[in-house]
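A.B. asks: Sequence:
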Amino acid sequence: MCVCVCVCVCVGFCTDSTPALISQETSLLYSGCQAFRALLSILHPHPAPCLPPSLPAPCSPPSLPAPCSPPSLPAPCSPPSLPAPCSPPSSSVNMGSMRILIKGGKVVNDDFTQEADVYIENGIIQQVGKELMIPGGAKVIDASGKLVLPGGIDTSVHLQESFMNAAIQDDFYSGTKAALMGGTTMVLALSRALADAKACCDYALHVGVTWWGPKVHNEMETLVREHGVNSFQMYMAYKDMMMLKDSELYQVLQTCKDIGAIARVHAENGELVAESQKEALDLGISGPEGIEISRPEELESEATHRAVTIANRARCPIYLVNVSSASAGDMIAAAKMQGKVVHAETTVAHAVLNGSQYYHQDWAHAAAHVIAPPLRIDPDTPAYLMGLLGNDTLSVVASEHRPFGTKQRALGKDDFTKIPHGVAGVQDRMSVIWERGVVTGKMDENRFVAVTSSNAAKIYNLYPRKGRIIPGADADVVVWDPDATRTISVSTQVQGGDFNLYEGMRCHGVPLVTISRGRLVCENGVFMCAEGSGKFYPQRTFPDFLYKKMVQREKAYKGVARDPYSGDVAKVANAMKELGLGSLDGDTSGKGLNAARVQVGIRDLHESSFSLSGSQVDDHIPKRSSARILAPPGGRSSGIW
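Oh and the sequence shown: position 138 is 138 in UniProt numbering, straight run, nothing missing.
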């Protein structure tokens, strides 16, 4: 089984409970607690985030009643359903204890925008609002005229792995550094063992299921139960490598439903792709244009329809990845209209570029765009996909970051099927989508947050600890300047690879400040995060965003209450004998369903007599001689009959 990790990691809270909104009363009491902390900070110049056992807790001095935890309300230092902010998650690099106040900006969530300040302490968003009571010593970030967004979540990132005989040119340090520089604070990638020592941002895992059997079934259950994995990826393409047959896909989806996992499916007709590749090579087509010719849009839309149908029969929610064509998007829209639980992601490249790049005269330029499914030749497709992101047909936009160099792509200089599939994009994902989505009016700022962060958090059961600016959530925050511009160039990129798909693109929308779990990791283009400070984020199963409707639907299945049948039942064996067909089981008399239907020696007129050898099937039957009658009785007839 191939492990394909989705790097979306977030450090755990003090408790395993799901964070929720703090009530107004609790917020007021919490503000009182913060005021008391401010006073305490004057008396103790360097207070620890949580006082040692020998000192009274800052929220409840011994000589006074606890001002922030009356009997009728939970203590605001650790509201119920929220992790206690006094106990930051353990980390080998403790950078989450700093206090940060983001002041004067507009807080943008997926469902509303408000002018508010944001106070962060111990890696957690503590307060959101106006006129906050903040303890001394907090770093103040002026966000006047700027937007304050949840950190981005990139659901398809490939780091420190190999694919198609080539090593990806980003490890977990350089790849997650590039993500943070672009405003992404969490990724989904491949190997936890490799990530723990290098990742700068939080990450989670997904696992690829590339074959099927009882062993794989058991391993899926173990991964979910013991290792914090809640998503698996299946492929309908890549024949003889990773492709599953329909029956295997059906069984995997049934298993995903039983264990509450997310079923990610790459939909292309792998059988026909393999045949089309052979045909293209036979015709002498060996360049990068071959990927567009051999993987046409109809093979994606057919597989999309088939995948949705299989998932519906398995009663499993489905998450389609790498949607590249208008027809596949229309299939998804139709399925949603029918009430099927379908979510899908496209990539930045598919939503911005078209397949004309494969016909570029420079082989290296054309090969640098090779991904699967390919970019579509129709120049209107990117704008159409961006519109589907805007209207909620497509839920998520990912980078599908898998950078290779020109020398690696040259492995396929004489055979396009050997060019490694993959492009870079983790650093530029958010700026490019802002430029082509928000600036063009295809989506607003709230929808931008949804497709780059919040929807991914909901689908992968990270919400609202990730993907939302709310008290109690992880402090993954980006201060975004919607008016600032930057020009993308391979010469200034942090991500790996020697080619940038968006070279020369001038983008509005720049991340000025990136905060990851309360750590100031990037400010005005300066990176300040330690290698290995990112954390693995174990994920819970059965996300409501996918399974709530499915569970309710299964409850609706009910049999019909009726009186039992009390009449006679036909004896099947006797009925068959009466028809001269013998019994259904065990009949060897030659009179069963497969018995000859004509008597021996008489030709069956329904049986074909055609033979490639020229002989006839009844040549072995003796023929009776015949005589020509020249003078028939009654005389000759010369009439028309």
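Please keep in mind that the hints were generated in silico from the structure rather than gathered at the bench.
The beta carbon of each residue, even a glycine, is placed where N, CA and C say it ideally should be.
Be a bit skeptical, because a hint or two may be false.
As a list, the in silico SDA-like pairs of lysine to any residue whose alpha-carbon atoms are at most 25 Å apart [what the hints assert, rightly or not]: (1) Lys-340 with Glu-248; (2) Lys-418 with Met-242; (3) Lys-548 with His-227.
Across the chosen pairs, the derived CB separations fall in these ranges [unchecked claim]: (4) Gly-104 with Lys-239: 51 to 61 Å; (5) Thr-309 with Glu-115: 43 to 53 Å; (6) Val-572 with Lys-239: 19 to 29 Å; (7) Gly-504 with Asp-544: 39 to 49 Å; (8) Asp-362 with Asp-444: 36 to 46 Å; (9) Lys-130 with Glu-298: 47 to 57 Å; (10) Tyr-557 with Gly-504: 47 to 57 Å; (11) Ala-410 with Val-526: 35 to 45 Å; (12) Lys-239 with Gly-213: 15 to 25 Å.
A.B. asks: Would you mind marking each hint as holding or not holding in the structure?
C.D. replies: Hint check:
Distance check on the hinted pair: Lys-340 and Glu-248 sit about 21 Å apart at the alpha-carbon level, within 25 Å; holds. Restraint check: the Cα-Cα separation between Lys-418 and Met-242 comes to about 16 Å, which is no more than 25 Å; the hinted pair holds. At most 25 Å may separate the alpha-carbon atoms for a hinted pair to count; Lys-548 and His-227 meet this at roughly 23 Å. Between Gly-104 and Lys-239 the beta carbon distance is about 56 Å. The supplied range of 51 to 61 Å therefore holds.
Under the hint 43 to 53 Å, the C-beta atoms of Thr-309 and Glu-115, about 47 Å apart, fit the expected range. Checking the proposed 19 to 29 Å range against Val-572 and Lys-239 shows it is violated: the Cβ atoms sit about 44 Å from each other. Our hint of 39 to 49 Å for Gly-504 and Asp-544 holds, since their Cβ atoms are close to 43 Å apart. Judged by the Cβ atoms, the range 36 to 46 Å given for Asp-362 and Asp-444 holds: they are separated by roughly 38 Å.
Between Lys-130 and Glu-298 the C-beta distance comes to about 55 Å, which sits within the given range of 47 to 57 Å. The given range of 47 to 57 Å is respected by Tyr-557 and Gly-504, whose C-beta atoms sit roughly 56 Å from each other. Range check, Ala-410 to Val-526: Cβ separation about 36 Å, and the 35 to 45 Å hint holds. A hinted range of 15 to 25 Å for the beta carbons of Lys-239 and Gly-213 is consistent with their spacing of about 18 Å.
Hint 6 alone, counting from the list given before, is not met by this structure.
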